[in-house]
Amino acid sequence: MSAADIDSGYAAAPGGADEISRRLEALPASAYEWRLVILLSLGGCFEIYDLFFTGYIAPGLTRSGLLTTTTQAFFGFSGIGAFVAATFAGLFAGTFFLGFLADRFGRRAIFTWALLGYTLASVIMACQTSSEGLLVWRFIAGIGIGVEIITIDAYITELVPSGMRGRAFAVNQSVMFISVPVVAFLSWWLVPLSPYGVDGWRWVVLIGAAGSMIIWVLRLFVPESPLWLARHGRMEEAIQILGALEASAGATSPRPGSSPNAPPAKAAAKAGFAELFKPPYLSLVALFMVFNFCQAFGFYGFANWVPTLLVEKGITVTKSLQYSFIVAFAYPIAPLLAASFADRFERKWIICGASVAIIAFGIAFSQFTAPALLILSGVLLTAANTTMSYAYHAYQTEVFPTAVRARAAGLVYSMSRISATFSGFIVAYMLRVAGVSGVFGLITTAMIVVMITIAAFGPNVRGRPLDA
Numbered sequence: 005m006s007a008a009d010i011d012s013g014y015a016a017a018p019g020g021a022d023e024i025s026r027r028l029e030a031l032p033a034s035a036y037e038w039r040l041v042i043l044l045s046l047g048g049c050f051e052i053y054d055l056f057f058t059g060y061i062a063p064g065l066t067r068s069g070l071l072t073t074t075t076q077a078f079f080g081f082s083g084i085g086a087f088v089a090a091t092f093a094g095l096f097a098g099t100f101f102l103g104f105l106a107d108r109f110g111r112r113a114i115f116t117w118a119l120l121g122y123t124l125a126s127v128i129m130a131c132q133t134s135s136e137g138l139l140v141w142r143f144i145a146g147i148g149i150g151v152e153i154i155t156i157d158a159y160i161t162e163l164v165p166s167g168m169r170g171r172a173f174a175v176n177q178s179v180m181f182i183s184v185p186v187v188a189f190l191s192w193w194l195v196p197l198s199p200y201g202v203d204g205w206r207w208v209v210l211i212g213a214a215g216s217m218i219i220w221v222l223r224l225f226v227p228e229s230p231l232w233l234a235r236h237g238r239m240e241e242a243i244q245i246l247g248a249l250e251a252s253a254g255a256t257s258p259r260p261g262s263s264p265n266a267p268p269a270k271a272a273a274k275a276g277f278a279e280l281f282k283p284p285y286l287s288l289v290a291l292f293m294v295f296n297f298c299q300a301f302g303f304y305g306f307a308n309w310v311p312t313l314l315v316e317k318g319i320t321v322t323k324s325l326q327y328s329f330i331v332a333f334a335y336p337i338a339p340l341l342a343a344s345f346a347d348r349f350e351r352k353w354i355i356c357g358a359s360v361a362i363i364a365f366g367i368a369f370s371q372f373t374a375p376a377l378l379i380l381s382g383v384l385l386t387a388a389n390t391t392m393s394y395a396y397h398a399y400q401t402e403v404f405p406t407a408v409r410a411r412a413a414g415l416v417y418s419m420s421r422i423s424a425t426f427s428g429f430i431v432a433y434m435l436r437v438a439g440v441s442g443v444f445g446l447i448t449t450a451m452i453v454v455m456i457t458i459a460a461f462g463p464n465v466r467g468r469p470l471d472a
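Under the working numbering, the letters of the sequence shown match residues 5 to 472, in that order.
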């Protein structure tokens, strides 16, 4: 019997994988489910911390003489652009080549080990004294973060019903983005200094690596995805975990074959990597590849360059880090505000609306010079970016079936890593030849492509059960 036949057999049987999907869809929101979302999100805090210190420690890297702000050569490997590129090259390797690990070995195991790999690589990176060593270990750390991001997205998607999935991802982003003002404050405080003779940027990296060890505690309180267990034939474990979810929500288990809130989900046949480039997956893969390639310019073109952009506008390093710290508070607050409408509108229209706001507030940021207006436009631009972020993280996981969810999401998400890798060089180049206005002209172009692509071809997903 083939793997697909086995998968279909479990799905068709009473209490099989499709029955697990129906029972998950019938779950009301409960305190226990929200605790699971928050615990997974706390694990993700350290990946966000790592992503964002890329920009915040940039002034410290240049101050220490390891890197320069810009380079004469487009692909200059002695500049900040190379540091950004190494980060996202690692993220690409993790999402593109290793996204399948969570589909093969389970969400829980990869959630744990990927972050520990990142921690070790970050500690070694903080000890480097050459630009070459810095970039190599930055690349390796990025691999661990890339795997972690995809795993958490698949994990949350499979633990909550469709009716609360938008809010779950909004809360997920809010909790993870708490780390942004933390890293911004630590950078503002430490980067200009050298406590105990150690460069401040090294302290910022080591503090994040030390904090990430909390993952060993968090993993004890998070169960495996029951959908993943069911699709891999481990029905007894899946039913046990699902029973705990139902008991915590005060829900009664439906009779096999019943469908309280949704039509039965179809069995998802197992597929290899090559199958993602064939129907029925090909059109979705192509759509989200284009989307991810372009959205990264809007998000990371600002997020990774905030202090540097402010310095280029004539603000001192210390003041730029102070302003960046204030702007960073928008990261955890904006997704919480977005949770109020997260499940009321289709994901595609939320993404398009956020893209319009990114263009408007980005242009404003490039034109203002007064500190208050710079900070206000930076806050609003950040809020628009985080709104787009929570929406597409939910969107690009729920459109794919459980059997290929992590590897498909990893494949399409890897395109944002490719664009972010080159965006480091492109933004540095635009900053040198056209200034801050040129950087936001680039971001505007990317966001226009996002809007056209998603509005024209994005599927509707609101209220749909997984694997339907």
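Source of the hints: derived by calculation from the structure; they are not laboratory data.
We put the beta carbon where it would ideally sit given N, CA and C, even for glycine.
Any given hint could be a false lead.
Distance windows between CB atoms, simulated [claimed, not checked]: (1) Leu341 x Ile456: 45 to 55 Å; (2) Thr133 x Leu197: 14 to 24 Å; (3) Trp193 x Leu224: 25 to 35 Å; (4) Val127 x Thr449: 48 to 58 Å; (5) Gly69 x Gly237: 54 to 64 Å; (6) Leu341 x Pro32: 21 to 31 Å; (7) Ala214 x Ala35: 23 to 33 Å; (8) Gly69 x Trp193: 34 to 44 Å; (9) Val360 x Ser441: 13 to 23 Å.
Hint check:
no., hint, in the structure
1, Leu341 x Ile456: 45 to 55 Å, "27 Å, violated"
2, Thr133 x Leu197: 14 to 24 Å, "18 Å, holds"
3, Trp193 x Leu224: 25 to 35 Å, "33 Å, holds"
4, Val127 x Thr449: 48 to 58 Å, "39 Å, violated"
5, Gly69 x Gly237: 54 to 64 Å, "57 Å, holds"
6, Leu341 x Pro32: 21 to 31 Å, "24 Å, holds"
7, Ala214 x Ala35: 23 to 33 Å, "30 Å, holds"
8, Gly69 x Trp193: 34 to 44 Å, "21 Å, violated"
9, Val360 x Ser441: 13 to 23 Å, "19 Å, holds"
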